[in-house]
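Trainee: Between the sequences and the hints, there should be enough to build the whole structure, so can you do that?
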Amino acid sequence: GENVEQHPSTLSVQEGDSAVIKCTYSDSASNYFPWYKQELGKGPQLIIDIRSNVGEKKDQRIAVTLNKTAKHFSLHITETQPEDSAVYFCAASIGTGGFKTIFGAGTRLFVKA
Amino acid sequence: NAGVMQNPRHLVRRRGQEARLRCSPMKGHSHVYWYRQLPEEGLKFMVYLQKENIIDESGMPKERFSAEFPKEGPSILRIQQVVRGDSAAYFCASSPPPGHTLYNEQFFGPGTRLTVL
Numbered sequence: 012g013e014n015v016e017q018h019p020s021t022l023s024v025q026e027g028d029s030a031v032i033k034c035t036y037s038d039s040a041s042n043y044f045p046w047y048k049q050e051l052g053k054g055p056q057l058i059i060d061i062r063s064n065v066g067e068k069k070d071q072r073i074a075v076t077l078n079k080t081a082k083h084f085s086l087h088i089t090e091t092q093p094e095d096s097a098v099y100f101c102a103a104s105i106g107t108g109g110f111k112t113i114f115g116a117g118t119r120l121f122v123k124a
Numbered sequence: 566n567a568g569v570m571q572n573p574r575h576l577v578r579r580r581g582q583e584a585r586l587r588c589s590p591m592k593g594h595s596h597v598y599w600y601r602q603l604p605e606e607g608l609k610f611m612v613y614l615q616k617e618n619i620i621d622e623s624g625m626p627k628e629r630f631s632a633e634f635p636k637e638g639p640s641i642l643r644i645q646q647v648v649r650g651d652s653a654a655y656f657c658a659s660s661p662p663p664g665h666t667l668y669n670e671q672f673f674g675p676g677t678r679l680t681v682l
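So the protein sequences, as listed, match chains A and B. The number in this note's numbering is simply the position in the first sequence, starting from 1, with 11 added. The number in this note's numbering is simply the position in the second sequence, starting from 1, with 565 added.
Every clue listed holds true.
Partial pick of chain B residues on the chain A-facing surface, computed with a CB cut under 10 Å:
| id | residue |
| --- | --- |
| 1 | 605 |
| 2 | 613 |
| 3 | 623 |
| 4 | 656 |
| 5 | 674 |
No lab work stands behind these hints: they were computed from the structure. Every residue gets a Cβ at the ideal spot worked out from N, C-alpha and C, and that includes glycine.
Mentor: Dropping the structure here:
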């Protein structure tokens, strides 16, 4: 079955620096890759996603890249702010009528002011 | 348009009791997913349902756990004879039906935190 690995597990950056989180997936049939942000005591919130027919997508300070050949995808956050501190999850799913989504183990991001 | 609703938000049960967790999907959403999250860990897929139909339950433990999504009313995740290892946060997500432009996207509820004493 699908397996998603996420690195690093913890990331600490200075405010204003960039943060990069990387994920790999195992099932080449995966075609939808969302990223979620989870704050303490809350449910995950979708922040950006990318589909397999696109190599890169950007939304303000957040960008995601996808390398289908290598089965890698990454989240890039620029000009980090303290409110970006949270746990970030990558995920992969196959959109063939059933959308079982497999999540990475998460990255705890600390942005130091 | 209200988001995904889950209740209760916190549930305390003693070993051997039953836990019933409820999830109301977003309006217009036809698919519901249940995930379990242990402290400091990621989300583990449990089950995926449409109305009156279980699509994929490959992540559900074989015993004591069951899920339903009736024609009317919320989806229910039921855990019988709870044990301490069942203590976790249980999240529900919903998504629109196939054909909708956002059909892949899952929107999560706030979760139910189950504590088994």
